[in-house]
Structure formats: C-alpha cells, structure tokens
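Colleague: This is what each chain is made of:
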Amino acid sequence: MKTFLERVNVLFSYIIKRFLSMLLVIFIVITVTFFLMHLIPGGPFSSERALPESVMQNITERYHLNDPIHVQYFDYLGNIVKGDLGPSFKYEDRTVNQIIEESFFVSVKLGVLSIFISLIISIPLGIISALLKGGWADRLIMMLSTVVISAPNFILASLLIYLFSLKLGLLPAAMFEGFEYMILPAFSLAGFSTAFILRLVRTELIEVLQEEYILTAKAKGLSMPMIIYRHCLKNIMIPVISYLAPQIAAIFTGSFVIETMFSIPGLGRHFVTSVYNRDYTVILGLTIFYSAILLLLNFISDLICAYLDPRIALDSNEET
Amino acid sequence: MALLEVRNLSVTFDFLEGKVQAVRDVNFEIEKGEILGIVGESGCGKSVMAKSIMRLICDDYCNLAGNILFNDVDLLTMSEEHLQKIRGNFISMAFQNPLSSLNPVLTIGLQVAEPFLIHTDMSRKDAFLKAQEMISKVGISDPETRLLQYPHQISGGMRQRVAIAMALALEPQILIADEVTTALDVTVQAQIIELLKKLNKELSSSIMFITHDLALLTNICHRVIVMYAGQIVESASVDELYNDPKHPYTKSLLQSIPRIDKKKKSLTSIPGSVIDLRDLPDGCAFFARCSFRKDVCKTSPELQQIGAKRFCRCHCL
Chain A
1 MKTFLERVNV LFSYIIKRFL SMLLVIFIVI TVTFFLMHLI PGGPFSSERA LPESVMQNIT
61 ERYHLNDPIH VQYFDYLGNI VKGDLGPSFK YEDRTVNQII EESFFVSVKL GVLSIFISLI
121 ISIPLGIISA LLKGGWADRL IMMLSTVVIS APNFILASLL IYLFSLKLGL LPAAMFEGFE
181 YMILPAFSLA GFSTAFILRL VRTELIEVLQ EEYILTAKAK GLSMPMIIYR HCLKNIMIPV
241 ISYLAPQIAA IFTGSFVIET MFSIPGLGRH FVTSVYNRDY TVILGLTIFY SAILLLLNFI
301 SDLICAYLDP RIALDSNEET
Chain B
1 MALLEVRNLS VTFDFLEGKV QAVRDVNFEI EKGEILGIVG ESGCGKSVMA KSIMRLICDD
61 YCNLAGNILF NDVDLLTMSE EHLQKIRGNF ISMAFQNPLS SLNPVLTIGL QVAEPFLIHT
121 DMSRKDAFLK AQEMISKVGI SDPETRLLQY PHQISGGMRQ RVAIAMALAL EPQILIADEV
181 TTALDVTVQA QIIELLKKLN KELSSSIMFI THDLALLTNI CHRVIVMYAG QIVESASVDE
241 LYNDPKHPYT KSLLQSIPRI DKKKKSLTSI PGSVIDLRDL PDGCAFFARC SFRKDVCKTS
301 PELQQIGAKR FCRCHCL
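Chains as they are written, first to last, in this note's numbering: chain A, 1 to 320; chain B, 1 to 317.
Everything labelled a hint here was simulated from the structure, so no lab data went into it. The structure presented is a predicted model; accordingly, all values stated were derived computationally and were not measured. Just so it is clear, CB atoms sit at the ideal spot from N, CA and C, and this is done for glycine as well. Please note that a few of the clues may not be correct.
Stated by the list, open to error - Label pairs and their calculated CB-CB ranges:
#1 A/Leu144 to B/Asp14: 25 to 35 angstroms
#2 A/Ile300 to B/Cys58: 36 to 46 angstroms
#3 A/Met224 to B/Ser10: 24 to 34 angstroms
#4 A/Phe12 to B/Leu129: 49 to 59 angstroms
#5 B/Ser10 to A/Leu144: 15 to 25 angstroms
#6 B/Leu76 to A/Lys133: 38 to 48 angstroms
Whenever a hint applies, use it, and build me the whole structure from the sequences.
Modeller: What follows is the structure, encoded as structure tokens:
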C-alpha cells in the first residue's frame with residue numbers, strides 16, 4: 001500500500017512525463033506541417049491576376065519568404081516559443097493569434113452547450129434502453145439513434161431550422177447574438193455524439209449488468225437504481241470519456257458545416273478558408289492549436305479514467 | 001418449525017429450444033444454527049436452487065413453482081421491495097469466484113459497508129467502522145489499510161474473506177455459500193471452512209454450504225443433501241451418509257474421493273456424464289450410469305423416508 005505522499009509523487013512524475021511527450025508530439029506536428037506546406041506549389045500571393053513584380057518583391061521581403069527554408073523554419077519555431085503564431089498572409093493587419101482569439105471562444109461556447117446536451121440526453125436514454133433491452137422503447141430509441149448517426153449533421157440542422165425557425169418561428173435561424181442563437185446549432189452539433197454515446201452506454205451497461213458483482217450487489221439487497229448508480233455508472237463512464245476527448249477537441253475547434261449554415265463566426269470556417277487561400281500561417285497555426293487541444297484533452301481523459309478505474313496504473317512500474 | 005422450508009420447488013427455464021427443468025420438486029428445510037451441505041456434480045441444479053431461494057434469477061426466462069417459506073413467509077410471492085429488505089439482511093449469499101463477485105472499481109471498504117448503508121440508519125462513518133470490524137473479524141490483517149484498497153490489490157483468499165464479511169455484515173439468519181471454496185487452494189480452503197464454522201458458532205447463523213467436493217462436507221456440515229439432475233436423491237446426516245450411503249449415486253461419489261491411505265492404481269470415477277436436462281428419461285435419472293440398475297428403475301422412484309431424517313430416492317433399498 002502506497003502512502004499518500006508516494007501517490008502524489010507518482011501522479012506528479014506522470015504529469016511531467018506526459019507533458020514532455022506532448023511537447024515532442026507538437027514539435028513533430030509543427031515540423032511535418034511546416035515542410036508539407038512548403039512542398040505545395042503556389043502560395044498565398046499567387047492569384048490568377050499576376051501581381052506586379054515590385055509588389056511581389058515587397059511582399060516577399062516583408063514576410064522573409066526569400067530566406068532559405070531552414071531559416072524560415074527556425075524563425076517560425078522561435079516565434080511559437082514566444083507564443084506568436086505569425087501574421088495572416090491573406091488578411092492584412094490580422095495575426096493568427098487574433099483570429100484564434102476572436103473565433104475560438106465562439107466555438108467553445110457552442111461546443112460546451114452541445115456536449116452538455118449530448119450527455120444530458122444520451123446517458124439516461126442509454127440506461128433506459130439497456131434496462132428495457134428488446135422492448136418497444138429500446139427498439140424506438142435504437143432506431144432513432146441509427147438514423148441520427150447515419151444522417152450528416154446538416155440534415156438535422158436543416159430540419160431544425162425548418163421546424164423551429166420557419167414553421168414555429170420560435171428560434172432564430174442564423175447569426176450569433178445571444179443564447180437563443182446557440183440553441184439550434186448546438187442541437188445540430190450534438191446529434192451525432194448523442195446517438196453515439198447513447199449506444200456506448202447501452203452496450204456497456206448490458207455488459208456490466210451481466211457481471212457477477214451485480215448479482216452480489218443484488219444479493220445485498222440493493223435496489224435497481226442504486227445498483228446502476230453505485231455499481232455501474234463508473235464502469236460505463238470510462239468508454240464514454242475516452243470517446244469524448246477527441247470529440248470535444250473537434251467540436252471546440254469548430255464545425256465548418258454548422259458554422260456556415262448558421263453564420264456563426266467560429267473557428268471551423270477558418271480551417272477551410274485558410275486552405276482555400278493557401279494562408280500558410282493560418283493553416284499551420286490552427287493545426288498546431290488543434291493538436292495542442294486534442295493532446296490536452298486526451299491527457300485529461302486519461303487522468304479521469306485512471307481515477308474511475310483503479311486498475312489503470314499511471315506508473316508503469318506499479319504492480320497491478 | 002424450521003427457519004427455512006423449501007416445499008415442492010421447481011425451477012423451469014424457457015429457452016427457444018424448449019423448457020429445461022433445472023430444479024425438480026425439491027423439498028428440504030434448514031433449522032436455526034444448522035449447516036446444511038448441498039452436493040452434486042456440475043449442472044445438477046445446486047446453484048440455480050440457491051439463487052432461486054433469494055429470487056436472484058431473472059423472472060423473464062424462468063418460472064419458479066412451489067413455496068419457499070422463510071419464518072413462515074413465502075419468498076416466492078413476495079414483492080421486489082420486500083425482498084430487498086430480506087436480501088443481505090436476513091438471508092445473504094457469497095459466490096464462487098471471489099474476483100468477479102467483487103466490484104473492481106469500488107473500494108473494499110465501501111463494498112463491505114454497503115449492507116450497513118442500505119439496511120440500517122447508520123452514518124457513513126459508522127458504516128465504515130463496522131466494515132473495518134467485519135474485515136478484521138474474518139481474519140484479514142491490517143483492516144484499516146484494506147478499507148481503502150481495491151479488489152485487485154489483495155489475494156484471492158482475502159477476496160473470498162471480504163465476500164464472506166460482506167455477506168455476514170448484518171448477522172443474517174441464513175448464509176448461502178455457493179461454492180465459496182472452489183476457486184481457492186487447499187490451505188486457504190481450510191481457513192475459510194474454519195472461518196465459517198466459527199461464525200456459525202458465534203452468530204448462530206444457519207449456513208447452506210454448496211459444493212461439489214464431498215470430502216469438504218465432512219469438515220463442516222451437520223446434514224447433507226445429495227442432488228442429481230435437479231432432484232434430491234439422498235439426504236442424511238453427515239455420519240450416516242459417510243458410513244452408510246444408500247443411494248447408488250452417493251456410493252459412487254464416495255468411492256470417487258481419492259484416498260491416500262489405500263493403494264490404488266487409478267482414480268475411481270462414475271462412468272458416463274450428467275444427463276441432459278432437456279432430454280430426461282422416464283425412469284430414474286441415474287439409470288444409465290447406475291451399476292445396480294434393474295427393470296423397475298425404468299419407472300421414476302419416489303423420495304422415501306428411511307430414517308428419522310433420512311430420505312433416499314431409489315427402488316433398490
């Protein structure tokens with residue numbers, strides 16, 4: 001049995017190890033994206049109507065595009081260490097940092113709401129579905145979830161807009177000016193993960209309910225709600241959390257389709273437009289930002305899973 | 001009046017291929033403070049019978065008939081809410097596999113404290129203190145540390161002790177021990193048997209001890225029921241059963257116990273295997289494997305009383 005201090009120590013050294021490996025991964029992401037970017041012919045300033053020679057020269061001078069590629073690379077790395085992702089090539093007077101600052105929180109707000117909606121709906125429905133396995137309620141829930149999983153989210157979005165904005169006139173169909181503007185896009189975003197988590201919870205609960213320790217719990221005199229709450233919920237949450245980490249990262253960094261449909265100034269559309277525009281620094285900056293968030297969320301989900309399931313050892317030397 | 005009376009209990013499973021009678025018309029009782037052994041091969045219906053006493057078998061696929069009277073109240077007609085008050089409180093159960101019968105993600109403390117938390121008004125703190133007391137009562141050292149540990153962090157023998165501590169927490173009137181020693185090695189087996197005997201004396205709880213190991217029964221039980229193909233074939237006190245077995249199945253079971261004091265080249269075994277419950281013969285269920293079989297055995301034998309508390313189901317007495 002480890003003392004408290006020893007366990008804090010294990011946790012601390014685990015966190016440091018993970019941070020170092022995360023830094024390494026980000027470094028690799030930066031390097032690979034940077035050189036891939038420069039392998040693609042053309043650039044942000046090559047357009048159909050050729051710019052005058054002198055203008056091109058000015059631009060290349062200003063952004064140091066004439067430097068050898070390794071010099072550019074080390075310049076870029078140096079700026080990243082300072083927290084500067086560089087200027088946008090396409091939008092004058094805007095830096096990548098500004099673009100992220102402006103739109104990231106819009107996407108996060110929307111993302112938090114949509115994740116919240118998914119969990120609130122999917123976990124209870126998943127539990128009901130598992131308990132009534134094979135019954136009409138289970139079949140109905142499973143059928144609906146299959147439909148939602150298979151249909152792309154813009155179909156759900158169009159249906160919601162048609163019903164709640166056009167027919168009933170309850171909610172605004174576009175723009176982003178207050179809470180009521182977030183409801184329809186959040187539901188459209190939540191559709192897939194709700195259906196997915198619901199199925200995850202159902203499968204997992206059906207499996208857990210067949211474990212012998214559930215029989216033990218029943219033999220102790222526990223009621224079904226108590227058995228689910230105390231003996232099943234922790235086990236069910238482990239796959240849900242592992243699934244949520246990349247899902248949250250994807251939602252927080254914005255959805256191009258949903259943001260375009262509802263005219264939301266989120267991060268998602270910058271991903272797509274920056275590629276159109278060959279806006280190198282924006283593409284690079286957003287990719288790095290996205291990988292950083294993804295790595296961070298995976299790390300958090302691993303910590304939560306280790307907390308939920310004591311058999312997962314953080315320290316590889318720890319005996320199990 | 002007996003503490004628990006099982007009257008004409010039959011358990012039938014409804015499968016797609018047809019019905020299977022896992023327990024057929026079983027009658028027995030357990031007195032207060034008695035240790036009753038149930039013995040039989042795998043698949044003879046011991047476990048199903050034990051689980052049906054606590055109504056732990058899913059009702060959807062399974063039909064229970066007869067009466068199970070506990071202090072004169074029928075458990076089979078009882079509501080689920082009422083049953084929850086009885087389970088773990090007056091009748092409790094410990095299972096075969098000590099690893100899978102404990103929840104891997106909950107601390108041992110919480111799992112042992114749980115009966116106190118649900119059946120009494122005890123505060124969480126008191127329940128954990130009681131749990132600690134129970135853990136040391138079943139002979140686990142350093143109970144304070146164990147409370148915070150998880151099942152995978154302790155040994156198999158300790159886990160089974162924890163399972164027993166959990167079952168005995170509220171000093172139940174009956175403990176159903178379903179093959180609790182099967183997954184353990186011999187020395188730990190002996191410790192668990194001693195523990196059960198001690199707790200039986202101290203708490204005067206009755207124990208229903210289910211096993212397929214006849215040799216173990218002599219060490220612990222007062223009375224033994226031998227089951228075959230879902231039926232009771234013989235029931236007797238331990239001494240009678242060992243010194244004067246009546247049913248051919250009991251005789252062959254006893255002969256199959258390996259003995260160190262007799263020089264024998266090979267292990268005696270009963271020819272054939274347990275019959276398929278989906279395809280029961282008309283006559284005696286043991287007919288095909290019996291070395292004493294006669295023509296009369298093609299009709300079903302009844303359970304006959306042949307002594308004060310002795311029953312046997314055989315035509316050839």
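Colleague: So, for every hint listed, does it hold in this structure?
Modeller: Okay, the hints, checked on the actual structure:
1. A/Leu144 to B/Asp14: 25 to 35 angstroms: holds, 31 angstroms
2. A/Ile300 to B/Cys58: 36 to 46 angstroms: holds, 39 angstroms
3. A/Met224 to B/Ser10: 24 to 34 angstroms: holds, 27 angstroms
4. A/Phe12 to B/Leu129: 49 to 59 angstroms: Hint violated: Cβ distance 32 angstroms, outside 49 to 59 angstroms.
5. B/Ser10 to A/Leu144: 15 to 25 angstroms: violated, 42 angstroms
6. B/Leu76 to A/Lys133: 38 to 48 angstroms: violated, 25 angstroms
Comparing the model with each earlier hint shows violations of hints 4, 5 and 6; every other hint is respected.
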